[in-house]
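Given these sequences and hints, build the entire structure.
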Amino acid sequence: MDQASDEARWTTMLELALDGDASAYQSLLQRLAAALRTALRSRARRAGLDDEDVVQEVLLALHMKRSTWVRGTPVAPWVAAIARNKIVDAHRRRGSRPEVSIENIVETLQADDDGDTLGEAHDLERLLAKLPAKQRLIVSEISLQGYTALETARRLNMSEVAVRVALHRSLKRLSAALRGRP
Amino acid sequence: MRTEALIRALVADNKQPVVPISRKLLIAVLSGMVFSVGLFAITLHVRADIGQAIRTVRFDFKLIATLTLAVTAAVGLPRSARPQDGAASAWTLAAAPLLVAVAVAVDLLMGPHEWLRRLVGQNALHCLLLIPMLSLAPAMALLLALRSGAPLNPKAAGARAGLLASGLGATLYALTCPDDSPLFIATWYTIAAGAVTALCAYIGRYALRW
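Sequence order for the protein chains is A and B. Letter by letter, the first sequence follows residues 0 to 181 in numbering that gives the first Met the number 0. Letter by letter, the second sequence follows residues 0 to 209 in numbering that gives the first Met the number 0.
Errors might be hidden in some of the hints.
Unchecked claim - Derived DSS-like pairs: lysine-lysine, alpha-carbon spacing no greater than 27 Å straight-line:
| id | chain 1 | residue 1 | chain 2 | residue 2 |
| --- | --- | --- | --- | --- |
| 1 | A | K129 | A | K171 |
| 2 | B | K14 | A | K129 |
| 3 | B | K154 | A | K129 |
| 4 | B | K14 | A | K171 |
| 5 | B | K14 | A | K133 |
No lab work stands behind these hints, which were simulated from the structure alone.
Okay, structure coming up:
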């Protein structure tokens, strides 16, 4: 797969995702996770960061900030810009001073999107543990157990809307907790 | 947590339609202005001689200068809310100050007498209070909308929101303000807009980090 058609495919997938296509969104996030993993591995290791933590942090930020992507434009530079911000943040939290060039991230993102699809990290889990019990339960039903929002609603005897609202609040809290301080 | 699990949660959260940041900013500035126009209607009034004033170059120039500030700030705002290419052509922002500077020069050349009286005008304090008051609602609405953005430079994004809001606030204020002298505008309008912009930049620096 050459770079140009790869890029066009990502653009189409993100457009579909923004229109509510769940399978397009899932498949795009998986590809982006793999590409980010490849792009960030050596960078993160050199800095003593867990690369999968950074990958998850970037994925969460991509999700929360998806309204800033302009339809029809290339996805990789936008992802790289968000990744760059998050890497700088991750360094800051650990008190180091990063040198991150955005061009390098774009290059590696485009070069490979068939990397590993499996990864596990711990930062988010620690933050998840700090959420209110109800929110934590809902996130774990959906993310760890793999239930849909509707199934979760039935299991917890809530409305589907309430589950969605709680899920959204939890993700917002997680991303706020990850934000670097000035 | 496995990354696959995180992705499932993100996909489950993708049910609401995504409103592009540019449209959020548009909605913010419009609703902020509805509030400010309401505030203007309740507490202030258009100057009595508006019918004549509108036919004078000096009055029209005021509106052109303040609207130029608003438009030049608005044009780059969506871009400054995005994570890439944050350096949205800041040089166009020089248009409004340049216009005012030229007007001041022309004004001084035409009649250098009594410049101090024209500078001080009749309503300096009025202007310093009312422009921020009329800018407040659009400024806060824009900052709130920018919080869902991902500005590369939070301080600059906040400042640009402040410039847009104060351009609009100053346009409203210009309708009631009896001072039309370019020197008055160059001094007091600039100080008022500068204060709003500085405040928004300061707020942006902290509130717009993501």
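Verification of the supplied hints:
1. Pair hint K129 (chain A) plus K171 (chain A) holds up; C-alpha atoms about 13 Å apart against a cutoff of 27 Å.
2. For the hint linking K14 (chain B) to K129 (chain A), the alpha-carbon distance of about 25 Å falls within 27 Å, and the restraint holds.
3. Distance hint between K154 (chain B) and K129 (chain A) is unfulfilled; the C-alpha atoms sit about 31 Å from each other, more than 27 Å.
4. Between the alpha carbons of K14 (chain B) and K171 (chain A) the distance comes to roughly 15 Å, so the proposed pair stays at or under 27 Å and holds.
5. The hinted pair formed by K14 (chain B) and K133 (chain A) meets the criterion: a straight-line CA distance of about 21 Å does not exceed 27 Å.
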